[in-house]
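Please put together the full structure from these sequences, using the hints given.
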Amino acid sequence: MGNLLCQSLCPEQVDGKKLASLQTIDQTNKTSENIYSSRNNNSHYTKGRKDQVLEQPVQILTKTKRDKKSYEDQASQTICIKNINELEQQINDKDYLLLIGPTGVGKSKLFNQMKLEQINSQFRNRSKSLDDIKNSDINNETKIFKEGILGNQYIIVDTPSLQLQDDIDTRELIIKHFQDYISSRKYISSFAIVLNFEQTYLMKAKALQVVKYFRKFIKIISIIIVNMELSENEEEDQQHLINSFKFLQYNQIIFIKKQMNQQQILEQIKKINFIKTKIDFEDTIFEMIKIQDLKPIMDSTQQ
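Residue numbering for the sequence shown follows the numbering used here, starting at 129 and increasing by one per position.
Mixed in with the good hints there might be a few duds.
With a cut-off of at most 20 Å between alpha-carbon atoms, the simulated PhoX-like pairs for lysine-lysine come out as follows [what the hints assert, rightly or not]:
{"hint": "1", "residue 1": "314", "residue 2": "406"}
{"hint": "2", "residue 1": "222", "residue 2": "243"}
{"hint": "3", "residue 1": "274", "residue 2": "314"}
{"hint": "4", "residue 1": "386", "residue 2": "398"}
{"hint": "5", "residue 1": "398", "residue 2": "385"}
{"hint": "6", "residue 1": "406", "residue 2": "344"}
{"hint": "7", "residue 1": "222", "residue 2": "314"}
{"hint": "8", "residue 1": "314", "residue 2": "304"}
{"hint": "9", "residue 1": "304", "residue 2": "344"}
{"hint": "10", "residue 1": "314", "residue 2": "404"}
{"hint": "11", "residue 1": "344", "residue 2": "404"}
{"hint": "12", "residue 1": "344", "residue 2": "374"}
{"hint": "13", "residue 1": "340", "residue 2": "374"}
{"hint": "14", "residue 1": "347", "residue 2": "314"}
{"hint": "15", "residue 1": "347", "residue 2": "374"}
{"hint": "16", "residue 1": "243", "residue 2": "386"}
{"hint": "17", "residue 1": "237", "residue 2": "274"}
{"hint": "18", "residue 1": "374", "residue 2": "332"}
These are computed hints drawn from the structure, not numbers from a lab.
Written as structure tokens, this is what we have:
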């Protein structure tokens, strides 16, 4: 066996003949079958020994640089995909908190105030803004879903303003926007209605605009009151608001001041009872219409 391997790898004579075929293997990149045929006349190679000896050296000799690079690229891609999947799983395991509310309540300001660690976009399917979907005069507050990591455990999401009382086209696009984003997430742990500190009746009205669309998920709905530094008696006003919003049966209510830093906001966020929830839009305004549900309507219009 040792002699045969040496004969396969070295340009020496076998039975007085040079193994020319072995010298040109890398140039011609012949298959193992061709090499097998070129050696068929060497009398000391028995059939059984050919099968046993030739296969391994031929595979080594015919491995070109291109094959090697292709193999390395494939291995690199496999590792990359594995790393992406692992990071995606880590992100899915975090608690998602969606900041929701009508225009002008301070969602984006709160999001920016947290100074969140950004999530690499290659691991996320970003939603497009309504302006990208529809070329019309949609309020600039309507924008993409922005995500950031807070405290290594929470994914904070700034959402488009809920302008569901606007024209039907805008409303339908906002609904589609929420459908696409939430359905692409494994779980949502909290919806947080953001309200700017002002007169109580105005805050209640804005909260009700949102709650009526998310009533099904009331167990994971919390309220975040921002700009509490405007209060003349902070402790008294906080207790008043806690009592005033009890009718909503909210999960938690927290208060944020403009001068709070990231760590102080994080301590408030931790007060929320996060519950990983698979969101089902059935019986809500966000319910996705199924084709079979449209068939009776389409049939009736054709009659």
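Hint by hint, here is what the structure shows:
no., hint, verdict
1, 314 x 406, "holds, 6 Å"
2, 222 x 243, "holds, 18 Å"
3, 274 x 314, "holds, 17 Å"
4, 386 x 398, "holds, 18 Å"
5, 398 x 385, "holds, 16 Å"
6, 406 x 344, "holds, 12 Å"
7, 222 x 314, "holds, 10 Å"
8, 314 x 304, "holds, 18 Å"
9, 304 x 344, "holds, 18 Å"
10, 314 x 404, "holds, 9 Å"
11, 344 x 404, "holds, 15 Å"
12, 344 x 374, "holds, 17 Å"
13, 340 x 374, "holds, 15 Å"
14, 347 x 314, "holds, 18 Å"
15, 347 x 374, "holds, 13 Å"
16, 243 x 386, "holds, 13 Å"
17, 237 x 274, "holds, 12 Å"
18, 374 x 332, "holds, 11 Å"
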